[in-house]
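Engineer: Next come the chains, spelled out residue by residue.
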Amino acid sequence: MTPSMELDDGVLWVRAARGDADAFGLLFERHADAIYNYCFRRIGDWATAEDLLSVVFLEAWRRRDKELPPDKVLPWLYGIATNAVRNQRRSRRRFAAALRRLPKPRLEPATADSADERLDDQRQMKQVLTLLAQLPRREQEVFALCAWFDLTYEDAAIALEIPVGTVRSRLSRARGRLRELVPGFGHEKESRHERAQEVVEP
Amino acid sequence: MTAKYSLPPTREIPPDRRQQLKHFLMSEIAQQPPRLLTRRVLALLRGRLTRRSVVAAAVIVLAVVAGVLGSRGGTGTASAAEVRAKLAEGLRLDETISGEFSVRTRDPGPRPRGVPADSNAPQQVPLPSKFVIAPDGSYSSLTIPLGAANRRDIAYDATTGVETSVGSIVISNGRPVYLRATNLDPAFLARYAPEAQLGAWVQGAVADRNPGVKEVTFEGRAAWKLTSSFSPGERFYDIYGARVDVVVDQETGLVLQLVQYAYSTDRWTSIASVHDLKLGEPTGAGDFTVPKPPGAVELSHDYGFRRVPVAAAAAAIGYRPLLPTTTLGRSLSDFAVAKISEFPFPGIPVRRDIASARYGLGAAIITVSSYRGAVSDLTSLLPAVNAHTVRPTHGPLVGGVAYVTTSPLSGAVFAAFADGLLVLITAPSTNDALTIANSLRATR
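Protein chains in written order, with this note's numbering: chain S, 1 to 202; chain G, 203 to 646.
Among these hints, one or two may not hold up.
With a Cα cut of at most 20 Å, we get these calculated SDA-like pairs of lysine to any residue [unchecked claim]: (1) S:72 x S:30; (2) G:332 x G:488; (3) S:104 x G:220; (4) G:288 x G:430; (5) G:224 x S:103; (6) G:224 x S:48; (7) S:104 x G:224; (8) G:224 x S:101; (9) S:104 x G:229; (10) G:224 x S:21; (11) S:104 x G:214; (12) S:66 x G:439; (13) G:224 x S:63; (14) G:224 x S:102; (15) G:224 x S:96.
Worth flagging that the hints you see were computed from the coordinates, not collected in a lab.
Next comes chain S alone, as it looks inside the complex (with noise of 0.2 Å):
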């Protein structure tokens, strides 16, 4: 491990900023999977989940300008996936020359397991976004980040720009709904623990 691989977000992002690639590519290697696993979670494909994984760094490479708190690179990145996620169309059109370029993933046969999971993934990932989708968008953002990915309100309010206390009042009424669409809902813990959950089918 290099010295500079222990700097933290903070760091690379000033770096970044002063247009440091290499400190630029730290960051991607330290919240590629967080960020792709966030792509593919509201939007229920792995594939797309890697343009937008993409799509991402591309724009917060553009905005690298943007003046961050040390610890809070991450939370930025999840506000720029969500909008990504929001405008997929739109995010698409922006870098549609650089996606063009974007390599075709390597088929390797070694990988046919892991295929059929991905494949499992995103059956599941449907679902659960079908029963999602039954929430304001807004309300889908917040739950997502706090709920899936453990983001803390204020960190939230700094990926979707709001006031945390909105973050707060559109988190409690998601978790309302979803307790109307699923008894016994509450199961916001356990899902980062990948427990099997009752759902209602639409």
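With chain S fixed as given, assemble chain G onto it according to the hints.
Structural biologist: Just chain G now, kept in the frame of chain S:
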């Protein structure tokens, strides 16, 4: 009705794919110029302004504004038009200039209601540097102090045609690369000059506004201070902020200082200055070569351009290059061709059969390049934002696909595709670029 489901587990990106994605990302961002002071630097701007233009058009200070600027009293001693003319004179750079460049920033405070979140974001802080710019096109900009981390040094020796730089490439283990580049593209010199960015700003501000003018002194030099204010919603607001002050040297027309005010007109947030400006200082061997830092990995790169007479270009690249018959009063200052030209950065497409010309000297230049490619290559030449379709009305580009940028700050970048050729033009304004595009002719 209810059904069983489980939230799928989180998964890591497969390692190979992860490497692919990272490589892709690094390649993409390597194609973009470093953003120094502007929020939206056009992708091809970096080739438009020479390093000389850099300081030519810009320069700034870091001391406390009030402490450095002393009003000589009175307003309206010169009109904005007169200052504009002097600035144009300064862009010619007809004597050696040297000094130190630095930028200072502070928190702009809370964003006012109604201002979009990504408007008027705090600007980047270029590293302080010592610069020298000579009339023959040689220049150097060295980060201060010499041992600074993340340094970005660049120098070009016009007598040898060699550009040396540190910081334009950093290899993955963090070691700096000392890049020695030869046979450069006439339209693509001086890519990393922070001063050039300032020059673009100032030109845009002065060209498009009618600022108030006041006489001041700056480090003992007689100067004009131009002040412009902007409101949210104005196109300059996102770029400059609520107000910008520009200090222009009365003797040379060089920009000595740029002060920005992000959200309010009474709280500065960025001051860029040129200190210790010297004119006509003698230069010697080695002044235009970046010293190689200890531990740096040395890399040589040949861009592949050969200086040939225009009449000999067709034999070299297989077609008659498209050059303008209207050059806005500028003379051809550099012309070269390349069968193939690669960048020393990953991910940037190779260009083939290139003819590249530069007109004018100093910062007041226009460039025209053509090379073989596909229409799809256009998308990588211009950013999605700030570009719009145009239709050339005369010359070989009629009927082709053409775009031009509209940024008021970086001048115009025009890109077109016709008959298998990509054409790239940089010029001070959109109208200039279109005029040049419509005057293109295949040379004999």
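Engineer: Hints broken by the structure, by number, lowest first?
Structural biologist: Violated hints: none; all satisfied.
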